[in-house]
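> So the chains spell out like this:
Protein chains: 2
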Amino acid sequence: MDLAEIFDELDPDEVVILFRLLYKDQAAEVFSYLSTGRRKAIVSAIHVKLLEHILDDLYFDDKIDFLEEMPANFVKSLIASAPPEERKMINQFLNYPDNSAGSLMTIEYVDLKKHMTVRQALDRIKAVGVDKETIYTCYVLDDTRRLEGIISLRRLVLSDEDQRIGDIMTNDVVLAEATDDQEEVAEMFRKYDLIAIPVVDAETRLIGIITIDDIMDVIDRENTEDFQKMAAMEPSDEAYLEAGVFHLARRRIVWLLVLMVSATFTGGIISRYTALLGAVVALASFIPMLMDSGGNAGSQSSTLIIRGIALGEIGLSDWPKVLWKELRVSLLVGLGLGAVNALRMVVIGQSDPALILTVGITLVCTIVVAKMVGGALPIAAKALGMDPAIMAGPLITTIVDAIALIIFFSIASALVL
Amino acid sequence: MDLAEIFDELDPDEVVILFRLLYKDQAAEVFSYLSTGRRKAIVSAIHVKLLEHILDDLYFDDKIDFLEEMPANFVKSLIASAPPEERKMINQFLNYPDNSAGSLMTIEYVDLKKHMTVRQALDRIKAVGVDKETIYTCYVLDDTRRLEGIISLRRLVLSDEDQRIGDIMTNDVVLAEATDDQEEVAEMFRKYDLIAIPVVDAETRLIGIITIDDIMDVIDRENTEDFQKMAAMEPSDEAYLEAGVFHLARRRIVWLLVLMVSATFTGGIISRYTALLGAVVALASFIPMLMDSGGNAGSQSSTLIIRGIALGEIGLSDWPKVLWKELRVSLLVGLGLGAVNALRMVVIGQSDPALILTVGITLVCTIVVAKMVGGALPIAAKALGMDPAIMAGPLITTIVDAIALIIFFSIASALVL
Numbered sequence: 001m002d003l004a005e006i007f008d009e010l011d012p013d014e015v016v017i018l019f020r021l022l023y024k025d026q027a028a029e030v031f032s033y034l035s036t037g038r039r040k041a042i043v044s045a046i047h048v049k050l051l052e053h054i055l056d057d058l059y060f061d062d063k064i065d066f067l068e069e070m071p072a073n074f075v076k077s078l079i080a081s082a083p084p085e086e087r088k089m090i091n092q093f094l095n096y097p098d099n100s101a102g103s104l105m106t107i108e109y110v111d112l113k114k115h116m117t118v119r120q121a122l123d124r125i126k127a128v129g130v131d132k133e134t135i136y137t138c139y140v141l142d143d144t145r146r147l148e149g150i151i152s153l154r155r156l157v158l159s160d161e162d163q164r165i166g167d168i169m170t171n172d173v174v175l176a177e178a179t180d181d182q183e184e185v186a187e188m189f190r191k192y193d194l195i196a197i198p199v200v201d202a203e204t205r206l207i208g209i210i211t212i213d214d215i216m217d218v219i220d221r222e223n224t225e226d227f228q229k230m231a232a233m234e235p236s237d238e239a240y241l242e243a244g245v246f247h248l249a250r251r252r253i254v255w256l257l258v259l260m261v262s263a264t265f266t267g268g269i270i271s272r273y274t275a276l277l278g279a280v281v282a283l284a285s286f287i288p289m290l291m292d293s294g295g296n297a298g299s300q301s302s303t304l305i306i307r308g309i310a311l312g313e314i315g316l317s318d319w320p321k322v323l324w325k326e327l328r329v330s331l332l333v334g335l336g337l338g339a340v341n342a343l344r345m346v347v348i349g350q351s352d353p354a355l356i357l358t359v360g361i362t363l364v365c366t367i368v369v370a371k372m373v374g375g376a377l378p379i380a381a382k383a384l385g386m387d388p389a390i391m392a393g394p395l396i397t398t399i400v401d402a403i404a405l406i407i408f409f410s411i412a413s414a415l416v417l
Numbered sequence: 001m002d003l004a005e006i007f008d009e010l011d012p013d014e015v016v017i018l019f020r021l022l023y024k025d026q027a028a029e030v031f032s033y034l035s036t037g038r039r040k041a042i043v044s045a046i047h048v049k050l051l052e053h054i055l056d057d058l059y060f061d062d063k064i065d066f067l068e069e070m071p072a073n074f075v076k077s078l079i080a081s082a083p084p085e086e087r088k089m090i091n092q093f094l095n096y097p098d099n100s101a102g103s104l105m106t107i108e109y110v111d112l113k114k115h116m117t118v119r120q121a122l123d124r125i126k127a128v129g130v131d132k133e134t135i136y137t138c139y140v141l142d143d144t145r146r147l148e149g150i151i152s153l154r155r156l157v158l159s160d161e162d163q164r165i166g167d168i169m170t171n172d173v174v175l176a177e178a179t180d181d182q183e184e185v186a187e188m189f190r191k192y193d194l195i196a197i198p199v200v201d202a203e204t205r206l207i208g209i210i211t212i213d214d215i216m217d218v219i220d221r222e223n224t225e226d227f228q229k230m231a232a233m234e235p236s237d238e239a240y241l242e243a244g245v246f247h248l249a250r251r252r253i254v255w256l257l258v259l260m261v262s263a264t265f266t267g268g269i270i271s272r273y274t275a276l277l278g279a280v281v282a283l284a285s286f287i288p289m290l291m292d293s294g295g296n297a298g299s300q301s302s303t304l305i306i307r308g309i310a311l312g313e314i315g316l317s318d319w320p321k322v323l324w325k326e327l328r329v330s331l332l333v334g335l336g337l338g339a340v341n342a343l344r345m346v347v348i349g350q351s352d353p354a355l356i357l358t359v360g361i362t363l364v365c366t367i368v369v370a371k372m373v374g375g376a377l378p379i380a381a382k383a384l385g386m387d388p389a390i391m392a393g394p395l396i397t398t399i400v401d402a403i404a405l406i407i408f409f410s411i412a413s414a415l416v417l
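Note that the protein sequences, when read in sequence, are chains A and B. Here our numbering is used: position 112 in the first sequence is 112, and no number is missing along the way. Here our numbering is used: position 198 in the second sequence is 198, and no number is missing along the way.
Any given hint might turn out to be false.
Just so you know, same-sequence chains aren't split out, so a pair can sit in one copy or run between any two.
To be verified - Mimicking DSS-like on lysine-lysine, the simulated pairs with C-alpha atoms at most 30 Å apart in a straight line are:
1. LYS321 / LYS132
2. LYS63 / LYS191
3. LYS88 / LYS321
4. LYS113 / LYS126
Derived from the structure by calculation, the hints contain no laboratory data.
Excised from the complex, chain A in its bound form:
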């Protein structure tokens, strides 16, 4: 990993030269940690023999990840030279959708039989374990490769050597299917404190395992995706410094366009009140403060709810609790802001009581509405099968802006004029 980190800071040319200097066995390990850009540079420059050696040394899941990054022609020619059995397997694994359990799993696990003794099991682990991604959880299969149970190396080492695997294995196994979403799989790891999960097909035949190091990456990626969605961007896996300018611009402009066009509506509200604005010009100067406070208050609520849903702490049925809590919090926060704002207005010399009252009432109403909207929309999104992360700051702000202005001008019409 430390070598890979150094490599990622070098120019592609230098990487290729240095890579050739590595021991053959080091090469595969460093390769598995490198960024896509560096890998491509190396693949195009090294001898095909060395490449084959590296690919042989990679764990199957890392090999699949690598093949997914490479151009289709390259992958085809590589697969063509593989033995038929492996070719079939590679094609099968390449076909699992991104973000599915299937795309995370590897095939290097230890399989045992129920009738084995602990001693036989340990001998088998010793014989085959060196090439396995993990030996800490072993999988007990019947003759048709159906998963009958699992047994940890811990249990094996701590058990009497003559006990039968079938008697000491765990039958009640947490497992995933290849089509499960990777987020669900991460949730299983989190909930049950596991270090590996078996993946089975519809007949509970074991087709692979997922290990926790891959799940750590998934959790990082899923969080990154949520951060990006919540900031009104289309999510992308690509590292910022490696991403192209056009790619970045495209991911950002769509939501900005949507939100900009939505703001037409907000502008329309102001247009309707130009007479009022002309009569009391001071009103205009409060628009930014009201819009921003509403938007920020709404973002706070939606962020807490989105995160609560993501961590499984808040469910659909909690919506009455959420709204009741947001109502009380927003009244407290709104009254606090209103009081400080009144003070602020007096300090900057705007001591017209009607104006102070108008701004104060608007502020309280806006905060309450913002927090109710911010609390409700993520849960509504979840109920509709959408990603709650979309209902975050930018969208909430646009909605709350319009509501804040309507409240402001309505109250101002009544009180100030």
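Starting from the known structure of chain A, arrange chain B on it as the hints suggest.
Coordinates of chain B only, in the frame set by chain A:
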């Protein structure tokens, strides 16, 4: 875990009744997964003998977590009845600051000696392993408990039984100190794909280990903290549904107040241009769109940079790359938005070329400034030793609002009047 999940959905009274029905050994495990509220209810209702049994069964890190939640008096009386050696240890562990490596570690590890053979090591693991939190990594200590190396159970099981631990152990160990920040420790796990890390004191004496299940929680908590800071809240560990209304309000109001008072400045800009606004009332209707687009564009950039810094993908020295990239992206995005906006204005009947040009130029300038500010501030915060997550949407929006309005009115003064 499944039982604990059911318990967390019940009323505290029901929890106490059901908890008494558990087998003694189940009780400790379920207890370790329960929420703080449920634990308190149980502790106040069960017999002290059962409580002592549960505490005996908990791993040391879970016990410390539990004691940290409980009232000081209760902890005192519990510790008083513990043997002196354990009392000293508990007090030491309770003193590690929150968020430090010390607060995460446990003392249930397997220690080995260099001169042992693999067979002797496996025998020792068999003898002491059942009470250890992990046996998958074992720690090789000298007579003064200094850490000389580590060896994985994998290596032990796959090695010849007569080999000496000193010959096959790993000397080059990734380790943490008790005062290290938990975020740094999580980064080590992520980077080196580890399942446990040893924690040492200043003389490299082993004082505890941290296992990956606790790190998964840390990663969740750190991400939650970032989400909260980025939405202008003071971070808190407490689950939303368990948090009190006053607690929630206090965490939210501070930043809202700061941002509201900052908006005085933005309002001041509008006040200075009331003459212009009075003359061309249509200008006011573009304020929300310009403010929102700027804020959203800035949030996008700052979110990507904050996340990149958190994942270690973007470092301080990358700032020229970031600004250059943001400049190009923002020009693309700004021109795109400007073009669509011109179309939008024509469609809604505002076809005054001077007005279209004013809004268009302002839009491009605002997006460019917003994205440069959004890209620069998180890196600046990092350079100053502050948390980049503070430089997110809400703060960026407030800054960009002011800049957007100054640009807008300056251009409008020149072009429209």
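> If a hint holds in the structure, say so; if it does not, say that too.
These are the hints, each one checked on the structure:
Neither within a single protomer nor between protomers do LYS321 and LYS132 lie at most 30 Å apart by alpha-carbon distance, with minima of 48 Å and 41 Å respectively. Proximity of LYS63 and LYS191 under a CA criterion of 30 Å is satisfied in both settings, with 29 Å inside one chain copy and 19 Å between copies. In this assembly of identical chains, LYS88 and LYS321 lie within 30 Å of each other by CA distance neither inside one copy nor across copies; the values are 52 Å within and 43 Å between. When the C-alpha separation of LYS113 and LYS126 is checked against a cutoff of 30 Å, the pair qualifies both within a copy, at 15 Å, and between copies, at 23 Å.
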